[in-house]
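J.: Fit chain R to the supplied structure of chain W, relying on the hints for placement.
Sequences listed follow chains W and R, in order. Using my numbering, read the first sequence as starting at 1 and increasing by one per residue. Using my numbering, read the second sequence as starting at 1 and increasing by one per residue.
None of these hints come from the bench; they were simulated from the model. Do not rely on the hints blindly, as some may be mistaken.
Straight line, CA to CA, 27 Å or less: simulated DSS-like cross-link-like pairs of lysine-lysine [claimed, not checked]: (1) Lys388(W) <-> Lys18(R); (2) Lys382(W) <-> Lys309(R); (3) Lys59(W) <-> Lys59(R); (4) Lys366(R) <-> Lys382(R); (5) Lys59(W) <-> Lys45(W); (6) Lys404(W) <-> Lys382(W); (7) Lys378(W) <-> Lys309(R); (8) Lys310(W) <-> Lys377(R); (9) Lys194(W) <-> Lys288(W); (10) Lys16(R) <-> Lys362(W); (11) Lys377(W) <-> Lys310(R); (12) Lys18(W) <-> Lys366(R); (13) Lys366(R) <-> Lys16(W); (14) Lys196(R) <-> Lys178(R); (15) Lys194(R) <-> Lys288(R); (16) Lys16(R) <-> Lys16(W).
Just a sample of chain R residues kept apart from chain W, beta carbon distances all over 10 Å, derived [to be verified]: (17) His181; (18) Lys196; (19) Gly203; (20) Ser221; (21) Ala227; (22) Asn230; (23) Ser304; (24) Leu320; (25) Ile326; (26) Asn328; (27) Lys407; (28) Asn420.
We treat Cβ as the ideally placed atom computed from N, Cα and C, and that holds for glycine.
There are 2 protein chains.
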Amino acid sequence: MQELLPGDQSTFNNLKTKIAEVYHLSGYQEIETPAIERTDILLAKAGGDTEKQIYKVIKTSESADKADQALRFDHTVPLARYVVEHENDLSFPFKVAQIGPNYRGERAQKGRFREFYQCDIDIIGRDQLPIAYDADIISTLLQTFDSFELDTPVLARISNRKILSGLLSHLSLTDKSKEIHSIIDHAEKVTPEKTKFDFEQLGLDQPTIKKLLNLIDLRGSRSEVIAALNNLDIIDPLFLEGVNELDQVLYLLESTGLTDQISADLQIIRGLDYYTGTVFEFILPEHKNIGSVCGGGRYENLASHFTEKKFPGVGGSIGLTRLFYILNEKHLLLTTPEHLIDYAVIPISEREYDEAFNVAAKLRRKHRSTTIVLTDKKLGDKISYATKLARSGIIIGEEEVNSKILKAKDFTTGETTELNIEVVSNPEDFWAD
Amino acid sequence: MQELLPGDQSTFNNLKTKIAEVYHLSGYQEIETPAIERTDILLAKAGGDTEKQIYKVIKTSESADKADQALRFDHTVPLARYVVEHENDLSFPFKVAQIGPNYRGERAQKGRFREFYQCDIDIIGRDQLPIAYDADIISTLLQTFDSFELDTPVLARISNRKILSGLLSHLSLTDKSKEIHSIIDHAEKVTPEKTKFDFEQLGLDQPTIKKLLNLIDLRGSRSEVIAALNNLDIIDPLFLEGVNELDQVLYLLESTGLTDQISADLQIIRGLDYYTGTVFEFILPEHKNIGSVCGGGRYENLASHFTEKKFPGVGGSIGLTRLFYILNEKHLLLTTPEHLIDYAVIPISEREYDEAFNVAAKLRRKHRSTTIVLTDKKLGDKISYATKLARSGIIIGEEEVNSKILKAKDFTTGETTELNIEVVSNPEDFWAD
Numbered sequence: 001m002q003e004l005l006p007g008d009q010s011t012f013n014n015l016k017t018k019i020a021e022v023y024h025l026s027g028y029q030e031i032e033t034p035a036i037e038r039t040d041i042l043l044a045k046a047g048g049d050t051e052k053q054i055y056k057v058i059k060t061s062e063s064a065d066k067a068d069q070a071l072r073f074d075h076t077v078p079l080a081r082y083v084v085e086h087e088n089d090l091s092f093p094f095k096v097a098q099i100g101p102n103y104r105g106e107r108a109q110k111g112r113f114r115e116f117y118q119c120d121i122d123i124i125g126r127d128q129l130p131i132a133y134d135a136d137i138i139s140t141l142l143q144t145f146d147s148f149e150l151d152t153p154v155l156a157r158i159s160n161r162k163i164l165s166g167l168l169s170h171l172s173l174t175d176k177s178k179e180i181h182s183i184i185d186h187a188e189k190v191t192p193e194k195t196k197f198d199f200e201q202l203g204l205d206q207p208t209i210k211k212l213l214n215l216i217d218l219r220g221s222r223s224e225v226i227a228a229l230n231n232l233d234i235i236d237p238l239f240l241e242g243v244n245e246l247d248q249v250l251y252l253l254e255s256t257g258l259t260d261q262i263s264a265d266l267q268i269i270r271g272l273d274y275y276t277g278t279v280f281e282f283i284l285p286e287h288k289n290i291g292s293v294c295g296g297g298r299y300e301n302l303a304s305h306f307t308e309k310k311f312p313g314v315g316g317s318i319g320l321t322r323l324f325y326i327l328n329e330k331h332l333l334l335t336t337p338e339h340l341i342d343y344a345v346i347p348i349s350e351r352e353y354d355e356a357f358n359v360a361a362k363l364r365r366k367h368r369s370t371t372i373v374l375t376d377k378k379l380g381d382k383i384s385y386a387t388k389l390a391r392s393g394i395i396i397g398e399e400e401v402n403s404k405i406l407k408a409k410d411f412t413t414g415e416t417t418e419l420n421i422e423v424v425s426n427p428e429d430f431w432a433d
Numbered sequence: 001m002q003e004l005l006p007g008d009q010s011t012f013n014n015l016k017t018k019i020a021e022v023y024h025l026s027g028y029q030e031i032e033t034p035a036i037e038r039t040d041i042l043l044a045k046a047g048g049d050t051e052k053q054i055y056k057v058i059k060t061s062e063s064a065d066k067a068d069q070a071l072r073f074d075h076t077v078p079l080a081r082y083v084v085e086h087e088n089d090l091s092f093p094f095k096v097a098q099i100g101p102n103y104r105g106e107r108a109q110k111g112r113f114r115e116f117y118q119c120d121i122d123i124i125g126r127d128q129l130p131i132a133y134d135a136d137i138i139s140t141l142l143q144t145f146d147s148f149e150l151d152t153p154v155l156a157r158i159s160n161r162k163i164l165s166g167l168l169s170h171l172s173l174t175d176k177s178k179e180i181h182s183i184i185d186h187a188e189k190v191t192p193e194k195t196k197f198d199f200e201q202l203g204l205d206q207p208t209i210k211k212l213l214n215l216i217d218l219r220g221s222r223s224e225v226i227a228a229l230n231n232l233d234i235i236d237p238l239f240l241e242g243v244n245e246l247d248q249v250l251y252l253l254e255s256t257g258l259t260d261q262i263s264a265d266l267q268i269i270r271g272l273d274y275y276t277g278t279v280f281e282f283i284l285p286e287h288k289n290i291g292s293v294c295g296g297g298r299y300e301n302l303a304s305h306f307t308e309k310k311f312p313g314v315g316g317s318i319g320l321t322r323l324f325y326i327l328n329e330k331h332l333l334l335t336t337p338e339h340l341i342d343y344a345v346i347p348i349s350e351r352e353y354d355e356a357f358n359v360a361a362k363l364r365r366k367h368r369s370t371t372i373v374l375t376d377k378k379l380g381d382k383i384s385y386a387t388k389l390a391r392s393g394i395i396i397g398e399e400e401v402n403s404k405i406l407k408a409k410d411f412t413t414g415e416t417t418e419l420n421i422e423v424v425s426n427p428e429d430f431w432a433d
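Just chain W, with the same shape it has in the complex (with noise of 0.2 Å):
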C-alpha cells in the first residue's frame, strides 16, 4: 500500500481537490458509496482475475464462510447499486463524480498498490443517452489534466467500438469478433508483424487482414480520419453508426477548442467487453511508454445485474495514486505545490506565548496558514524547526512587545515586512506599512 511522508502528500492532496474542483465545475454531483458492500453485488459484475483479488472482510467472531461483506475493488459496481436504489431521488441523466480508494488483493508493482484511489465521473441516463455527452466526459477529464499544469501535453485517444463491429459484420466475421478485439487490443504492446501472425492463426484471409490492419492504422485529425472511414464505402448501419457518433463526438471537443488535444484513434479498444460505442484513452504523447492514464467509455446498460431497467451511460476514470507515482517518477509536475506553510510565529520566551497566540489567531482568521512555535530550546533550534514548516517568521521578544512592532523574515530572500502589534488587533486593517 502507498503511504506518503507529509510533503508528498499534500502534493497528492492537491491533485485530488483539483479533481473535485474541475469535476464540480463541470456539474457532476460527488458521492459516496460506503467501501464495505455486500459480496454478492460486487461479485454480479467482478470475475476471473478480479474475483480472486477482492478483499473480503469479517468480523472478529464470524467465520470466513459466511464473509457476506467485501471491500469494492471499483466505482461502477457500488455506483450502478447505488443508482437502482436511489432512482426516485436522482435527476437523470445523472452526473456523478466518485473520488475515492478501491481495494485489490492483486501482486504489488511499480506503480500500482492495492489501496488505489480512482476519480471517477459518469453520466448516466435513464433508458437512452444522447451521444453528445459522450464529449462532456472527455472535455471534462482534459480540463481536469490542464488543471494539473505538467510539464508535457495530454492527448485523447478516441475511437467507437461500433465502427469494428460494424466492420467485422460487414466482413461476416462476427462469430470471430471476440478473437479480433483481443489481436487489435493487444496491437499496440507488439510489433505490427505478430499482429498480422495472430491475424493468420485466426485463419482470416489476406485482403481481410489488409483491411483490419488499414482500420486499426486510421489516426489524426476528425476531418482526415471521418474522411477516410467514409471512402471505406462500408454501408453496415453498425458501422454508419459508428462513424457518424465519432464525427459528432470529436466535432463537439473541436467546438470547445480542444482541436490540438484529440485524436481520432481506430487502435483504442478498451478491453474486451463492457464497452459498446465511444471509447477513449489519455496518453502523455512523449511518454508513451507510460501507457494510459485515463480511459473510459459508452457501456449500454449500467445496472443490469440488479434491474431490468436499463441505464445506458458514458464514464471515464482517472488512476490518481498511479498517475501520482508517474508523475513524480517523471517530474512532470509543472509547479510542485507548496506544502510550506505562510507562517511561524516564534516567541523567544514563555513570556510572549500570549502574543503569539494572539498574533497566530488573527493571522489564522486572514486566512494565512500559521504555526507557532513553542518548545523550550534555542532561539537557533527554533528558526531551524520553522524553516522546514513555513516560509517566514515571526519572531516575538521583549523587544517586539514593547516596541509593538512584528517582523515578518521571508526564510528564502531573508526580506523582513513590518506588521504593526496594534493594528494587529484591527483585523481588517492588519497589513500595516
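T.: Quick look at chain R alone, frame taken from chain W:
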C-alpha cells in the same frame, strides 16, 4: 453504513473541506495511512469491545485463520505506527491531521455507523512536549467549529487529569483510582445521589466523598476555578502540576479571544485510561442531550506498543459522520451549503450544441460551475431538469446564435442577465452589461 444523496453529500463534503482548511491554516500537516493495517499492530492497543468490533480483511483465497490484516478502527494506532516508521523524515513537534473513514462492526444505532469519518489533529513531541501545545489543539478545534457557522454556540469544557490523580494521592486513595475515575466519568449520566451512592459503595467516608463531589462540581471561568482549586490548600505535587497546566492552557486560550467559548470543568475525565493530563470535550450547551461533539487530550506516550522511544502527544477528534447526522437532525447548520451549480446551458436543438459546448467551456474556465442539458426532450422538460441542478439557465436557440446575445435567467428570482456571445470569445471581458 451511511450513504447520502447528492445534496446531503455536498453538505457533508463542505464540512469536511472546512475542517481540512482550518487544520491546514493552523499548521497541521495532513497524512493518510492505508485503511488496511496489520492486525497485530491494530490489536496492540485495542482491547475488549474494540477487538470484537474489528473488521478483518482476507483475500478470497485465504482462510480466516490466516487473516493478518484488518481495517483501522481509529486514527491513533496507525499514527503511532506512522510516526515510528517515518521518525527520521518528520520534524518534531509533528503537527499532524488525519481525515478519513474508520471502521467498527458495532451494532448500528442512531448517528453511529460502521463506517465513520474521524477528523483528528495531533501534536507529537519527541521525549517531551510543552503544555502550551494543548492550547493550540483546543483553539484549532474551536476555530473549526466556528467555520461550520452553526445556529448554536459551542463550549469547550476543559480539565486536567493530574488534578484528580493528585487529590487521590493526597487522600491516599490511589489504590481506588480506577474505580473513582469510572464513577466520575459516569457522573454526568446519573443523579448526584447515585454518584454519592457509588462512592459509598466503594467504602469511602463522607468527608472524602464531599471532597470528591466538590471537586467535580467545579466549573466556570479560569479565574474562578483556579482560585477555587488553590483554596483547597492541597500541596500534592501532581495536583499542583495539574492546576498549573490547566491555568496555562486556559490563559493561552483567553489570549486568543476564546474566553466565551471555554470553561474549566473538573467533571471531564474522558474515559478510563490513555489520557494523562489535559482532557477536553466540546458540547452544544443548548443541546446537552447530544453529548460530546468533539474530544481529546494529552497522552504520555503515543507509541509505547511499538518502540522504547517516548513520543508524548496531545490531540483531538471530531466524529464527522455522527456530527453531520446530529446537525442535520437538529437543523443546526445556519447556512445550508448551496449544492446547486451556477449555470445550466440549454441548447434548444442539436444545431446549437456546438455553441452550448463553447459557452459552457468558457463559463467553466471562469470557475462558474456549468452543466449542459443535452437530452432530446421538449424545452419545458429540459428547463424543469435544469432547475433541479442549477441556479440559472442559459437557453441557446437560433435567435440567440444570430443575435449574439445570451440571457442567463435566475430560476429563483426570474431575473435575466445579458451575456454577449461575441464577448464570450474573449474570456477577459466575459461579463458584459
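J.: The structure should be examined with respect to each hint, and the outcome stated for every one.
T.: Verification of the hints:
1. The straight-line distance between the Cα atoms of Lys388(W) and Lys18(R) is roughly 25 Å, inside the 27 Å bound, and the hint therefore holds.
2. With a CA separation close to 22 Å, the supplied pair Lys382(W) and Lys309(R) stays within the 27 Å bound.
3. For the proposed pair Lys59(W) and Lys59(R), the alpha carbon gap of about 14 Å is at most 27 Å, so the pair holds.
4. Among the hinted pairs, Lys366(R) with Lys382(R) is consistent with the structure: their alpha-carbon atoms are about 24 Å apart, no more than 27 Å.
5. Restraint check for Lys59(W) and Lys45(W): the C-alpha separation of about 25 Å stays at or below 27 Å, so the hint holds.
6. Between Lys404(W) and Lys382(W) the CA atoms are separated by roughly 22 Å; this keeps the pair inside 27 Å, and the hint holds.
7. Using a Cα cut-off of 27 Å, the hinted pair Lys378(W) and Lys309(R) holds, with the two alpha carbons roughly 23 Å apart.
8. As the CA atoms of Lys310(W) and Lys377(R) are separated by approximately 18 Å, the hinted pair is consistent with the 27 Å bound.
9. Restraint check for Lys194(W) and Lys288(W): satisfied, since their Cα atoms lie roughly 20 Å apart, inside the 27 Å limit.
10. For the suggested pair Lys16(R) and Lys362(W), the alpha carbons sit about 23 Å apart, so the restraint of at most 27 Å is met.
11. A threshold of 27 Å between alpha carbons decides the hint, and for Lys377(W) with Lys310(R) the separation of about 18 Å falls inside it, so the pair holds.
12. For the hint linking Lys18(W) to Lys366(R), the alpha-carbon distance of about 15 Å falls within 27 Å, and the restraint holds.
13. For the hint pairing Lys366(R) with Lys16(W), the CA-to-CA distance comes to about 20 Å; that is within 27 Å, so the pair holds.
14. Taken as a hint, the Lys196(R) and Lys178(R) pair is honoured in the structure, with Cα atoms around 16 Å apart against an allowance of 27 Å.
15. At most 27 Å may separate the alpha-carbon atoms for a hinted pair to count; Lys194(R) and Lys288(R) meet this at roughly 20 Å.
16. Taking the CA atoms of Lys16(R) and Lys16(W), the gap is about 14 Å. The hint holds against a cut of 27 Å.
17. Once the 10 Å rule is applied to beta carbons, His181(R) is consistent with being away from chain W; the minimum gap is 28 Å.
18. Annotated as non-interface, Lys196(R) keeps its C-beta farther than 10 Å from every C-beta of chain W; the closest such distance is 39 Å.
19. Every CB of chain W lies more than 10 Å from the CB of Gly203(R), the least distance being 37 Å, so the non-interface label holds.
20. With a least beta-carbon separation of about 17 Å from chain W, Ser221(R) lies farther than 10 Å from that chain, consistent with its non-interface assignment.
21. Listed as a non-interface residue, Ala227(R) keeps its Cβ farther than 10 Å from every Cβ of chain W; the least gap is roughly 20 Å.
22. For Asn230(R), the requirement that its beta carbon stay farther than 10 Å from each beta carbon of chain W is met, with the minimum near 20 Å.
23. No beta-carbon of chain W is positioned within 10 Å of the beta-carbon of Ser304(R); the least distance is around 22 Å.
24. With a closest Cβ-Cβ approach of about 12 Å to chain W, Leu320(R) is found to remain outside the 10 Å limit, as its non-interface label requires.
25. Distance to chain W confirms Ile326(R) as a non-interface residue, since its nearest Cβ pair spans about 19 Å, more than 10 Å.
26. Interface exclusion of Asn328(R) from chain W stands, the closest Cβ pair being 16 Å apart, more than 10 Å.
27. Even its closest Cβ contact with chain W, about 19 Å, leaves Lys407(R) beyond 10 Å, as expected for a residue assigned away from the interface.
28. Separation of Asn420(R) from chain W is adequate, the least Cβ-Cβ distance of about 18 Å exceeding the 10 Å criterion.
This entry satisfies every hint, going by the numbered hints stated previously.
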